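Peer 1: Use the sequences and the hints to build the structure in full.
Heads up: the sequence shown begins at 117 in my numbering, then just goes up one per residue.
Source of the hints: derived by calculation from the structure; they are not laboratory data. As the structure is a computational prediction, the values presented were derived from the model and not from experiment. Don't take every hint at face value.
As the list claims (entries may be wrong) - Pair by pair, the computed Cβ-Cβ distance ranges are:
| no. | residue 1 | residue 2 | range |
| --- | --- | --- | --- |
| 1 | P259 | A160 | 16 to 22 Å |
| 2 | P208 | I277 | 35 to 41 Å |
| 3 | P251 | A160 | 27 to 33 Å |
| 4 | S260 | D179 | 38 to 44 Å |
| 5 | T134 | P251 | 34 to 40 Å |
| 6 | T143 | K212 | 15 to 21 Å |
| 7 | G248 | T283 | 18 to 24 Å |
| 8 | P241 | P208 | 19 to 25 Å |
| 9 | A278 | P178 | 39 to 45 Å |
| 10 | A254 | D179 | 39 to 45 Å |
| 11 | D274 | D179 | 33 to 39 Å |
Glycine is no exception: its CB is placed at the ideal position from the N, C-alpha and C atoms.
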Amino acid sequence: MTRDENTMSHTWITRAETPQDIPAIRTVALGAFPTPLEADLIEALRVDEAWSPELSIVAQAPDGTVAGYALLTRCHVDAAPALALGPCAVLPEYQKTGAGSAAIRAGLQAARDQGENLVLVLGHPEYYPRFGFTPASAYGIRPSFEVPDEAMMALVFDDTIAVPSGTIVYPAPFGV
117 MTRDENTMSH
127 TWITRAETPQ
137 DIPAIRTVAL
147 GAFPTPLEAD
157 LIEALRVDEA
167 WSPELSIVAQ
177 APDGTVAGYA
187 LLTRCHVDAA
197 PALALGPCAV
207 LPEYQKTGAG
217 SAAIRAGLQA
227 ARDQGENLVL
237 VLGHPEYYPR
247 FGFTPASAYG
257 IRPSFEVPDE
267 AMMALVFDDT
277 IAVPSGTIVY
287 PAPFGV
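Peer 2: Right, dumping it as structure tokens:
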């Protein structure tokens, strides 16, 4: 369990999800996004071989509310293993309080602790660099679909280890 404090004095308890958290995680995703696609994606990934329960992270408010969520699942760069970060979500009333950042940081630390070296994210280029993400194209990594270069990002934990280059192969539930 880790704690992450933000400027609004919230202390976030971050941890891997438990079976009891599954309804709350769906509520977080439904609240954070305009359609149920991300909530449905999380549920589809939960039963996919790409799922790793210790990489499904909740950020819990002091009152016990699951306020934020971050998920990392197995993907590949060509045949080399990597992780995909996302979906990440925060209940609307907790957005901009650090709940999302706490969940992401805890997920990245769990991945690092498991010996992973490469995490990929398709997301806002003004948000994810705060966690160390840089354009994936610098490593010769690209998705199989068109996205702005600055939105497809990679985080390498140990740059002394060779980073694979090639096309990202997402788990089947992503539908790409």
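Peer 1: Work down the list of hints and note, for each, if the structure agrees.
Peer 2: Evaluation of the provided hints:
{"no.": "1", "hint": "P259 x A160: 16 to 22 Å", "verdict": "holds, 19 Å"}
{"no.": "2", "hint": "P208 x I277: 35 to 41 Å", "verdict": "holds, 39 Å"}
{"no.": "3", "hint": "P251 x A160: 27 to 33 Å", "verdict": "holds, 28 Å"}
{"no.": "4", "hint": "S260 x D179: 38 to 44 Å", "verdict": "holds, 42 Å"}
{"no.": "5", "hint": "T134 x P251: 34 to 40 Å", "verdict": "holds, 36 Å"}
{"no.": "6", "hint": "T143 x K212: 15 to 21 Å", "verdict": "holds, 19 Å"}
{"no.": "7", "hint": "G248 x T283: 18 to 24 Å", "verdict": "holds, 23 Å"}
{"no.": "8", "hint": "P241 x P208: 19 to 25 Å", "verdict": "holds, 23 Å"}
{"no.": "9", "hint": "A278 x P178: 39 to 45 Å", "verdict": "holds, 43 Å"}
{"no.": "10", "hint": "A254 x D179: 39 to 45 Å", "verdict": "holds, 42 Å"}
{"no.": "11", "hint": "D274 x D179: 33 to 39 Å", "verdict": "holds, 38 Å"}
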